[in-house]
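Undergrad: One-letter residues, chain by chain:
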Amino acid sequence: MNNMMLGKYLPINSFIHKLDPRLKIGSLLLLLISVFFDAGFIGYGILGIFVIVLIVLSKMKLVQILKSIKPMLFMMIFLMFFNLLFIQKGTLLFALGFLKVYDQALIQTAYIFIRLILIIIMTTILTATTKPLDLTLGIEHLLSPFKKIGFPTHEVAMMISIALRFIPTLLEETQRIMKAQASRGVDFSEGKLKEKIMSIVSLIIPLFISAFQRAEDLANAMESRNYNPEAKRTRYKQLVWKLSDTVSFVFVLIICGTMVVLSFVL
Amino acid sequence: MSITFKEVEHIYSQNTPFSYHALKGVNLNIKSGSMTALIGHTGSGKSTLIQHINALLLPTSGEVQIDDILITATDKPETLKSLRKKAGLVFQFPEYQLFEETILKDIIFGPKNFGVEEEKAIQIAKESLKLVGMDESYLDKSPFDLSGGQKRRVAIAGILAMNPDILILDEPTAGLDPQGAKEMLTLFKKINQTGKTIIIVSHDMNQVLEYCDEVIVMNKGKVERHESVDDIFKETEYLSSLSIDLPTITSFILQLNQNGFHIDSSIKNIDELIEVIGGQL
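In order, the protein sequence lines correspond to chains Z and L. With my numbering applied, the first sequence closes on residue 266, and no number is skipped along the way. With my numbering applied, the second sequence closes on residue 281, and no number is skipped along the way.
It should be emphasised that the hints constitute simulated quantities derived from the structure, not laboratory data. Keep in mind that a hint or two might mislead.
Lysine-lysine pairs mimicking PhoX-like chemistry, simulated, CA-CA at most 20 Å apart [stated by the list, open to error]:
| id | chain 1 | residue 1 | chain 2 | residue 2 |
| --- | --- | --- | --- | --- |
| 1 | Z | Lys196 | L | Lys105 |
| 2 | L | Lys126 | L | Lys141 |
| 3 | Z | Lys179 | L | Lys86 |
| 4 | L | Lys112 | Z | Lys192 |
| 5 | Z | Lys196 | L | Lys112 |
All of these numbers come straight from a predicted model, not from anything done at the bench.
Same shape as in the complex, but just chain L (with noise of 0.2 Å):
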């Protein structure tokens, strides 16, 4: 499931006076499989870079290649619903999108409209709502008396049903609690583990280290790096020029290392960093 982008531009509202240039020349390479963090600055083009993926917007210029797909400015793919339920998108705050009387009907809802029967979608529907961690009890209730928190995860799992193979996230963890952010980002990290395409527009660095293998950082509509995660936090220096902050314990390492210390600075759990300064002390 590769994800190519070739030459990609695109404006909104071309030729008014409110036209603005999101996407630059936009040359990517997305590996099937991998967990990709999409990070940048407000209005660098995060959000129109992923609306690409499921062709909600449509290039202006260049084309996006999806397997076997091709999404260019002119054609809109015939297979726009196969598309769409290939690369399931998550928006940011995503309860939204709710609106049926039941949780179980609101699940449901994607998985009938991409023609999985009913009982079938049920089923589904059970299990992606153990996925993200509520208990069947739920499926009755009406989606309107949960909590922010509980909204999301339902709201979350009305894509997760879709199946996608690729699944695209806009900040998932954006005002939940951090224990609520962990179990979310643990829960991805579960899906990407049976194969699955994952891509996750974050703010927090820390998350970046923890959970995904590679990073593309987007200014000013741009695509200006896409490497791995180890490799994107050595370069300190361009971060800071983008004011993104390091992982704390990136950060920590490299402080420890201007004084006398030599610690691998792509060290990424607490655990090991003891270890690590234990042997040199």
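Excised from the complex, chain Z in its bound form (with noise of 0.2 Å):
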């Protein structure tokens, strides 16, 4: 548990973890979006020497990017292997009684490989350089033109910030409930089906009872603060657009434009 990397910040000190957070979330959005443009393999060398640039600026170490992707190596597996399978197109490379393998299908899995690389790296590193409430910031911030027609901004943004900032608490609260659950003789790791059962049991119900009384204990807290919603906040923190984030927003848009024109070209 102790070992999750996706989605924490990292305290280091770099150039990505000072620029505006609106400016990450937006180029964020702006590359995953031209991930998926198909800009051939030259396209994606492109994004790929850009993103290695992105992880030296920000002092990640590698150990901590190939972390973060662990988790998700199986997911990646099995849609390669999927993928690799039933696109069949082009010419007939292999033969293996009924699985037949496709050049196109091959070309096909790589993309995809490179894509959900991509993606995993550059939600990581925006997770690791940006502080959870910076995040929630940024996308209060950009959420606000839609307050216009309505839409609960600072309630989502509040929201997300609770969310957030209770991860690492049920996270530890999850590892004392099993350290406890463990000292009364329940074997986590191991065991048959039913036993494995009754020790996500012996975890769950105890997290969630206290989960709830966080909860409780939350809103009586905000309620005898008088929270409300709906009052004008003004806020400690200001975000400030800098002319590092300006030239940084450049650089992503000739990124981007390049795969789109790439995609078009090719």
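Put the two chains together into one complex, using the hints given.
TA: Take a look at the structure:
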């Protein structure tokens, strides 16, 4: 559980860390979209180099990136396996009984692999370099145009920030309860199916009870401080758009533009 | 049932920016049948230390020996289950571990995990519940209908039902009223007198003085003192450097002595003190 890298903030002082969260969220969206443009291996090469530059700039260690890919590995292999077998276009490369592999399938599978890796790494860079609260602040700012059509921007942002705030708390709680139940002889790693179900029940029920308890406490604490979602709020932390943000954004636009152009040219 | 720590180090999240050195070269020998208090500030490594005793945490280096079971960094003992049965660990606010529909089911959960037959386990459950001061009428009730203090008792009964040789308690009286705390500690003393080793993490020096025989002081991941209760409270300067208060009665005796009395500062109860003062007046 301690090795969970997915979505964890890494407190390092780097160029990427200091960028505006609005820029980072916006850029991630644009980059995610451009990943799906079929720009061939040249396009993915460019994007790949860009991502490597991002990793270097964010001062993250390669191990941390790999750790974030690990939990998705099973899904990736599953997807690639089916793509390889079910796309039947192009020339037949080899056949093994009823399993036939075509060259187009091979290329498509490679694309999917590259796309998934890029998506995971880019998302990891965002969450690892942006504090959860800054992330929410960024989302709130980006959503603010929708306020005019009655979209509850502030409530959504508050919900997201509460959810993010309680992820580590709940993980800690999970670990605590696991240890308490392990002390009562529960083995979480081994055992028959029936024992496994029982051990999960012994974890889930106390976890739910404490989560609801916490939710109630938090609601009471907010209410006793007269929280009102409709009230006009000011912020201690103001987002300031700097020159480095503009430059970075232009750079991201160039990369995304290249991807789109390449996809039409090729 | 001797517990031995040899050069035990523990580092959380090693090789990450979150790395934290919690135990630094801990050497320790806790005698079987003793009632030992573990004191020290929040973050001094108390909880990390006790979790090594039933191998919930493995040492980063060094070794822990519980009787004939050896725990080191690399090999998780094959006999993990028998170790967990031998050393019962009660966490802080153990009421959070309750999950069954009835109190009976919750108490027999532990023993059943260790292979005790259901009928025998039910018998044990009844005895444990009585031991923590609740009667059999509670057996069929839901643990979630109880008050906080009662939940705590049920949770502790669940550990007692495993009949561990070593009982480790992390601040068992936190959040209990004085009467409840006293009953709880009297119970642990009673269990200790049947020959079991007891380790209590505590912040209340009055409790330490009254119920324990030995004291381990931890500071910044190191064991700094391991002495008898009588000796530790003589080191007033050391304790005040850690801002640990003296027990009320000890501090009172010291104040008397400053003003011309000559009273043995290891006196633990008020009646004895009155008698001694009477003799000198």
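Undergrad: So which hints don't hold here, by number, going up?
TA: Per hint list: zero violations.
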